[in-house]
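From first to last, the protein sequence lines stand for chains A and B.
Take the first sequence: its letter number 61 is residue 61 in the numbering used here, and every next letter is one higher.
Take the second sequence: its letter number 8 is residue 8 in the numbering used here, and every next letter is one higher.
No lab work stands behind these hints: they were computed from the structure.
Each residue gets a CB set at the ideal place from its N, CA and C atoms; glycine is no exception.
Watch out, some of these pointers could steer you wrong.
Pairs of lysine-lysine residues, derived as BS3-like cross-links and limited to a Cα-Cα distance of at most 25 Å, are as follows [to be verified]:
| id | chain 1 | residue 1 | chain 2 | residue 2 |
| --- | --- | --- | --- | --- |
| 1 | A | Lys-44 | A | Lys-15 |
| 2 | B | Lys-42 | A | Lys-78 |
| 3 | B | Lys-99 | A | Lys-62 |
| 4 | B | Lys-42 | A | Lys-11 |
The following label-pair restraints were derived from C-beta to C-beta distances [what the hints assert, rightly or not]:
| id | chain 1 | residue 1 | chain 2 | residue 2 | range |
| --- | --- | --- | --- | --- | --- |
| 5 | B | Arg-41 | A | Ala-2 | 14 to 24 Å |
| 6 | A | Leu-97 | B | Gly-59 | 25 to 35 Å |
| 7 | A | Gln-17 | B | Arg-111 | 35 to 45 Å |
| 8 | A | Ala-30 | B | Arg-111 | 38 to 48 Å |
| 9 | A | Thr-113 | B | Pro-10 | 15 to 25 Å |
| 10 | B | Ala-17 | A | Gln-50 | 41 to 51 Å |
| 11 | A | Val-54 | B | Glu-5 | 25 to 35 Å |
| 12 | A | Lys-44 | B | Arg-41 | 31 to 41 Å |
| 13 | B | Ser-12 | A | Gly-72 | 38 to 48 Å |
| 14 | A | Leu-39 | B | Glu-5 | 17 to 27 Å |
| 15 | A | Gly-28 | B | Tyr-51 | 43 to 53 Å |
| 16 | B | Arg-77 | A | Gln-17 | 28 to 38 Å |
| 17 | A | Gly-28 | B | Tyr-94 | 16 to 26 Å |
Derived coverage of chain A by chain B (criterion: at least 3 residues anywhere in the stretch with Cβ under 8 Å from a Cβ of chain B; other residues may be distant) [claimed, not checked]:
| id | segment |
| --- | --- |
| 18 | 18 to 31 |
| 19 | 43 to 57 |
The chain contents come next:
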Amino acid sequence: EAGVAQSPRYKIIEKRQSVAFWCNPISGHATLYWYQQILGQGPKLLIQFQNNGVVDDSQLPKDRFSAERLKGVDSTLKIQPAKLEDSAVYLCASSFLGGRTGELFFGEGSRLTVL
Amino acid sequence: QKEVEQDPGPLSVPEGAIVSLNCTYSNSAFQYFMWYRQYSRKGPELLMYTYSSGNKEDGRFTAQVDKSSKYISLFIRDSQPSDSATYLCAMSRYSSASKIIFGSGTRLSIRP
Numbered sequence: 001e002a003g004v005a006q007s008p009r010y011k012i013i014e015k016r017q018s019v020a021f022w023c024n025p026i027s028g029h030a031t032l033y034w035y036q037q038i039l040g041q042g043p044k045l046l047i048q049f050q051n052n053g054v055v056d057d058s059q060l061p062k063d064r065f066s067a068e069r070l071k072g073v074d075s076t077l078k079i080q081p082a083k084l085e086d087s088a089v090y091l092c093a094s095s096f097l098g099g100r101t102g103e104l105f106f107g108e109g110s111r112l113t114v115l
Numbered sequence: 001q002k003e004v005e006q007d008p009g010p011l012s013v014p015e016g017a018i019v020s021l022n023c024t025y026s027n028s029a030f031q032y033f034m035w036y037r038q039y040s041r042k043g044p045e046l047l048m049y050t051y052s053s054g055n056k057e058d059g060r061f062t063a064q065v066d067k068s069s070k071y072i073s074l075f076i077r078d079s080q081p082s083d084s085a086t087y088l089c090a091m092s093r094y095s096s097a098s099k100i101i102f103g104s105g106t107r108l109s110i111r112p
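Could you build all of it, start to finish, from the sequences and the hints given here?
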């Protein structure tokens, strides 16, 4: 079974530029999450989708971050304009109903450096 | 105060040692407790989960929850170099994968 796919793996941009990350979850997983992991910290949830609807975006900085999951499968996370403090690994995860308690399937992440 | 506190380490032990990793939390509403393992430059993967207080064993790993003290632990017996990773505790009010709060992780190194 293929895992969660993310791209690009690495991105370096200047502050105030924009960047987009793409995620394709495991086939059949209805729920998709974007997490931000700053160096030395645990993952922090940015947004959760159930199929193509937003379930929780309470911690998404909506003035600069946006995310969509148009057909209920793959998703894009965009940052515009980027700030220095956005330097982090952006992890996409998916889950399915009936999985083990609390089981998130993570991709390898997209590492963003903002200069 | 953070909802979940975890000592960042690093923790370095010799191969074969028993390892103890711990977290404390402040929200008494948490009912489900997880341990994730994260290898360098990889995403976290679920190791174990526990519901409420008690112990759970899976091979060399034992998870322990003490809700009265708001304290959870992960023990690794007969540690192996392949156990070298960052271990993240995580917890939630819900049995689904929603609204999981992660600790900051403890970096563990097992010396051959």
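Discussion item. A range of 25 to 35 Å was offered for this pair. Does it hold for the Cβ distance of Leu-97(A) and Gly-59(B)?
Written reply: Since the Cβ atoms of Leu-97(A) and Gly-59(B) sit about 27 Å apart, the hinted range of 25 to 35 Å holds.
Next on the checklist: What's the verdict on Lys-42(B) and Lys-11(A), does the C-alpha distance respect the 25 Å limit or exceed it?
Outcome noted: holds, 16 Å
- Range hint compliance [Cβ, Gly-28(A) to Tyr-51(B), 43 to 53 Å]: With Cβ atoms ~25 Å apart, the hint is violated.
Check: Measuring from beta carbon to beta carbon, are Arg-77(B) and Gln-17(A) in 28 to 38 Å?
Finding: violated, 49 Å
For the segment 18 to 31 of chain A, does the count of residues with a C-beta closer than 8 Å to a C-beta of chain B reach 3? Our answer is that it is violated, as 1 residues pass the Cβ test (under 8 Å) against chain B, missing three.
**Agreement of Lys-44(A) and Lys-15(A) with the hint, judged by alpha carbon distance not exceeding 25 Å** = holds, 22 Å
Confirm or reject the claim that Leu-39(A) and Glu-5(B) have a C-beta distance inside 17 to 27 Å.
Once the Cβ atoms are compared, 18 Å apart, the range 17 to 27 Å for Glu-5(B) and Leu-39(A) holds.
Verify the proposed pairing of Lys-42(B) with Lys-78(A), using a straight-line Cα cut of 25 Å.
Since the Cα atoms of Lys-42(B) and Lys-78(A) sit roughly 21 Å apart, the hinted pair holds (cutoff 25 Å).
Taking 16 to 26 Å as the stated bounds, is the beta-carbon spacing between Gly-28(A) and Tyr-94(B) within them? Holds, since Gly-28(A) and Tyr-94(B) (Cβ atoms, about 21 Å apart) stay within the stated range.
Practice prompt. Note whether the CB distance of Ser-12(B) and Gly-72(A) lies within 38 to 48 Å or breaks it.
Written response: holds, 45 Å
Hint check for Arg-41(B) and Lys-44(A) - Cβ pair distance inside 31 to 41 Å
violated, 19 Å
Assess, step by step, whether the Cα of Lys-99(B) is no farther than 25 Å from the Cα of Lys-62(A), and give holds or violated. holds, 19 Å
Hint compliance for this structure: hints 12, 15, 16, 18 are broken, all remaining hints hold.
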